[in-house]
Amino acid sequence: MWLTRICSLILLLGSSIAYATDDLAGSADDGVLERFRGSWIVNYSTAPLTDYALPLGGVEQVNGVERLEREERITGRLTRISYRIPEGNKTRKVFDFFKTQLEMKKAEVLFKCQGRECGSSNYWANDVFDFSKLYGVERTQYYLAARLPGVTVLMYTVERGNRKLYAHIDVIETDAVARITATIKREGYVGLSVSQLPDMDLLEKLVSQLEAHTKDITLVVHHKGDTLALGSELGAAKALQLRQALAGRNMTSVSVQSVGALAPSVLKQNQMVVVLVSGAP
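Those letters in the sequence shown? Residues -20 to -1, 1 to 261, per mature numbering (1 follows the signal peptide of the UniProt record, and there is no 0), in order.
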């Protein structure tokens, strides 16, 4: 049974996401939003705990000084991703692509603006998102802030004077358990960690939440190793290490499987990825 479900997951992930081969080294999609097809990551950073100024208004000038009309302070883990968009697209099309995903997830829209009503693109690029290449033509810009369980998402798209298009996403995770639980209930799976085993404190809280709905919880270890074989030697060793860690936390009801490198779209350039698959509704 678990093998059938994992193979289905591999096919789903492999067919639904198109990754570029020239992402910035060490970068990765966050998982809240699927990237625009053909785009690639040109700027990436994370911060474990951030006091974040959430823009809930456009940029205005007061006594010659630019500032946001309204902002809200939130605290959480920040992930920043800037994508270069393939030529031939429009910022509105890219913005609608991301907005549609949030609508399907029933996100609460906190604020949005477009064009010159957003104010200075220079301010958004350098003061809000800290990436100068987002400074573009103001009439082409679109911004949206939205909230999902445990996470707040900001999107900004703009076209520069040289006609290069960029899309930027800020993800502020305020409650990791709430975010992951909501994703699992909606999708049936979620990526837990990249290039390392999952955080056991977080996993313990997550399993406690999920066991109220299902006993069918599986951790799948994808590892490049030396072979594509199911349960390759290195992947199997990491799976055993994970089983031992779970036993030490009395989470022996959680199944652990190794899939080796059979899911290249999951691994991308990473050596190891751990995915949680659940029967939760």
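It is possible that some hints are incorrect.
Claimed, not checked - Each pair of labels, with its calculated beta carbon distance range:
1) GLU67 with GLY228: 49 to 57 Å
2) GLY228 with LYS73: 21 to 29 Å
3) ASP155 with SER235: 33 to 41 Å
4) GLN176 with LEU36: 30 to 38 Å
Unchecked claim - Cut-off 20 Å, straight-line C-alpha distance, at most; resulting in silico cross-link-like pairs (EDC-like, lysine to aspartate or glutamate):
5) LYS70 with GLU97
6) LYS70 with GLU14
7) LYS79 with GLU139
8) LYS195 with GLU184
Worth flagging that the hints you see were computed from the coordinates, not collected in a lab. For clarity, every value in this text was computed on a predicted model and none was experimentally measured. Cβ atoms here follow ideal geometry from the backbone N, Cα and C, with glycine treated the same way.
Hint by hint, here is what the structure shows:
no.	hint	in the structure
1	GLU67 with GLY228: 49 to 57 Å	52 Å, holds
2	GLY228 with LYS73: 21 to 29 Å	50 Å, violated
3	ASP155 with SER235: 33 to 41 Å	26 Å, violated
4	GLN176 with LEU36: 30 to 38 Å	35 Å, holds
5	LYS70 with GLU97	18 Å, holds
6	LYS70 with GLU14	18 Å, holds
7	LYS79 with GLU139	18 Å, holds
8	LYS195 with GLU184	14 Å, holds
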